[in-house]
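Using the hints provided, position chain B relative to the given structure of chain A.
As they're listed, the protein sequences go chains A and B. Heads up, the first sequence is in the working numbering, so the first residue is 1 and it goes up one at a time. Heads up, the second sequence is in the working numbering, so the first residue is 487 and it goes up one at a time.
Keep in mind the hints are simulated off the structure, nothing from the lab. Because the structure is a prediction, the values reported are computed rather than measured. It cannot be assumed that every hint is accurate.
Claimed, not checked - Calculated cross-link-like contacts (lysine-lysine; reagent style DSS-like; alpha-carbon spacing at most 27 Å):
#1 Lys59(A) <-> Lys227(A)
#2 Lys162(A) <-> Lys381(A)
#3 Lys866(B) <-> Lys885(B)
#4 Lys889(B) <-> Lys866(B)
#5 Lys866(B) <-> Lys162(A)
#6 Lys381(A) <-> Lys866(B)
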Amino acid sequence: MNFHVISKITGVIILMIALAMVPALLISLAMGEGGMSRAFIASILPLLVLGGVLILATKPLSTRLRMREGVFIVALCWILASALGALPYIFSGVIPGFIDAFFESAAGFSTTGATLLADLPGIPRGLMFWRSLSHWLGGMGILVFAISILPALGIGALNIAKAETTGPGLEKVTTRISDNAKFLYVIYFAFSVLEFLLLLLGKMNPYDAAIHMFGSMSTGGLSNYDKGIAEFNSPYIEFVVAFFCILASVSFIAYNELFHRRWREFFREPEVRAFFFILVASIAFIGVRLRISGIGDSAADSLRLAFLQVSAFITSSGYVSTDYAAWPMVCQWILLMLLFMGGCSSSTAGGIKIVRVLVLFRLIHRNFYKRLHPRAVVAVKLGGRTVSAENVSNITVFILMYFVVFLGSTLLLSLDGQDLGTTLSAAAARLSNNGVGFGKIGYGGTYDIFSAPARLFLSVLMILGRLELFTVLILLTPSYWRPNRQ
Amino acid sequence: MGINYLTVLRIAGFSAGITGIAILPSLAVSFLCAEYDAAARLAPCAAVLILAALLGFRFSAPGFSALLHPGAAHLHALREHAEPGPRAVILLSVLWWLFSSVFGAVPYLACGLFEHAADAFFESVSGFTTTGATLIGDVEALPRSLLLWRSTTGWLGGLEILFVAAVLIPFAAGAHPHPAHAETAAGLPERPFSKNSGSGRMLLAIYSALTLLLFLLLSPGMKPFDALIHSMGTISTGGFSNFNDGAAHFSGTSAAWILTVFMMLAALSSMQYFRMLSRRWGAFVQDAEMRYFLAMACVAAILLSLSLHFAPSAMRPARSAGSAFFEAAATLSTTGYSVADYDLWPTFCQATLFLLMFVGGCSASPAGGMKVFRIVILFKLIHRNISLRLHPNAVVPIKFDGKTPGADWVSAVAGHALLYIAVFFSGTLLLSLDGADMLSSLSGVAACMGNIGPGFAQVGPGDGYTVFSAGAKLLLSLLMIAGRLELTAAVMLLTPLYWSGRK
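Next comes chain A alone, as it looks inside the complex (with noise of 0.2 Å):
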């Protein structure tokens, strides 16, 4: 082990959470928020000390990082963000206790947007507003930030971004790794500017606005209202909003075709045609059959609702509007795989990922072919291009062991004894980065149904959740520890 970039990557890190807390504490600050304020400063002091002394107590001889220490930061680190964006929470008092405090802060950097917290206006602006910010940094991953700015970082640097991002990562736009990074961020900066300015126009407050920007681009979907978006009472808002999750929700690497004006190349991208035409028909049909059951004023209505919840589904975002559990039956269901499938690849959607199950269908027909051609070499194929045997074989275990994780999550999260419907659903919102689930925790449900041990469960699986399973159960292994031995 490289210790010497760990260390120093992770003070970076710690250095970034700390001046990623200087805007919260300035708008305590205007707010006139005290006690606040020192919470803030009591956080950010210490951190900027422990980073600074990570950074400039190390001289890496080497920046060369192997897929084993790729793996170690960033599980590392995104234990570290959580564990310290706690801080401000326990500091100011909102949340004393250490494992809550973890989970929001963990629910906030994996972008999954569970909260604890019941009187949101009651809480202080400015832990309003990083809880909001951490939801952002986490949508396109630390890490990935950090090596966008800092190129120096460097060579490594690859492992890292594998890590983070989320999909299979099947194709990149630059060959440089912090091109890529950088690529990545602008486009989320620039669309995050542009819905900004959005809801502005819609007659937002500036505070209000920002913290449903970064809810809705990191697709976390954290409001400051306890009524989330059904509060401003605006077609146009809740337009905007889900608009903008579902624009971060399609594959960023994609949005490259679409800088370079190759408008067709885009909509011929497999992932992301997919992705719109799951949305336009789960829509389509839930709005028929919405119709039908009555819900809703008239068509367009009717139409509305199953455009917004639909959307806060498939892009995990979880800005609900309505109490879908009194939909019909067909429709919970169809919102509930939507949850599993998740967004495209290299977005910041949770959940297992378009292209993943794209792959999965291709996997099955090859299958099919295999039993009446049993002697026949057949490359599974997306878009025309082969995707390679590790990849195939990568996808396919990543999805049984989506699965596998979530059926012994529900067993492990099932000894708290909520209802078997509660639970599962809590198992895969989790996993999936997503707040709302069904049962207790569906519309207008909180987390605190659950023990502090379950808790921190769900804190660990939305982490395990956000870097996609493998960065972290890799820790777990036996192997990892033993490098020498095979």
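Same frame as chain A, but now just chain B:
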């Protein structure tokens, strides 16, 4: 080889004949128990089915059919020498279960047990696929002959799947036992049985002997008829009962423990029985699948017992340890008997049982589910993938039972698991159109695909599937057949791939 309507006719005739003959014991019971009303309805059923079979054979006989259809020469070849290709085996096995279920539903309809044909079909499919899901609310009110018929369908279905899994599918793989073939139903990569009919007769003997043994063991504690029904239900892993409270009738008696043991025995691979008979005890004891199966059952039973032990008294059944072992065995073996209403148990127990519903029994057994060896392979696959990420250049083959089954076979196992997930989700999507609550819908689909029987909530133990509409029952029936044939065969029939590009 090709399939033509004459093959189909022949299969239908064969199925009708077997069903007709299988009605005869129930007919005999109806006379013995003086149920003359039932007898008057069952006798024509048997007569018509046997007659239909004879007619079917007559018209599909090679000499006769050659006049009608030149392609019929293929048929002759099929019967005599040639080995059917994968397409034929797929279609024939699905058709076989469809025909059996349709003919098996005739006695229910003749006796006026159900108003709708879909209900009778569901009950019959549930029998022949050894699922044991039921639509009958009050079974104790049924004539004994009909109860026996219901259990006969289950028993026969268990025997048939043994034949298909052990004899027909490896036979279809033919002279080139390719792993991709062998995986589909028989499961294990090796070819356990030769294709001569000797092993088929052995299977029948083993299956009957187990049933008889269980019958003799149960007899001291209960009436002969009850013992018969429950031994048939246990050995076939179907799980039909003649009591309204099902196996809970025996709660606390030694019969519950006997059933627990025999449910596990029934879910063992028939290859293990062959090994026992040929006194290859070393191979028997070292069988990896059996070891994993027993280990899973024990761990699950112990977890259930612990959870029940510490549960509040309202949730705890009377004999919690016994119930825990019984439920673990009943779910894992996909029998679906139940000594207690686990819907009332702690959530941890429910989650454990829900997981077990996907596992199922061993390969080449009448049990359903994904099968133990596949679950083990999946975990090995996950483990291998993780270590490959650390050591990208390592070559790590997957091993099972001391053998290296090969990459194709492993990828077929993974493909099956993915298909299981896909069918589970889309099956629930279709079933949810019916509007039952989420837990009932998803556990109903899992229980039908896994050929288990009861699920949770509205389809929990003792509830039956009466909440669903006719269309939903039909869907569940198809899921049972698909699950029985390890999904691939049945789902493939729905794809254009199967019907196009015949080469």
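Status of the hints after comparison with the structure:
1. A C-alpha spacing of about 50 Å is found between Lys59(A) and Lys227(A), which places the hinted pair above 27 Å, so the restraint is violated.
2. In summary, the hint linking Lys162(A) to Lys381(A) is supported, as the alpha carbons are separated by about 22 Å, within the 27 Å threshold.
3. Of the supplied pair hints, the one linking Lys866(B) and Lys885(B) holds, its CA atoms being roughly 8 Å apart against a limit of 27 Å.
4. Under the criterion of a C-alpha separation no larger than 27 Å, the hint pairing Lys889(B) with Lys866(B) is consistent with the structure, at around 14 Å.
5. A hinted pair counts as satisfied when its Cα atoms are at most 27 Å apart, and Lys866(B) with Lys162(A) qualifies at roughly 24 Å.
6. Taking the CA atoms of Lys381(A) and Lys866(B), the gap is near 26 Å; set against the 27 Å cutoff, the hint holds.
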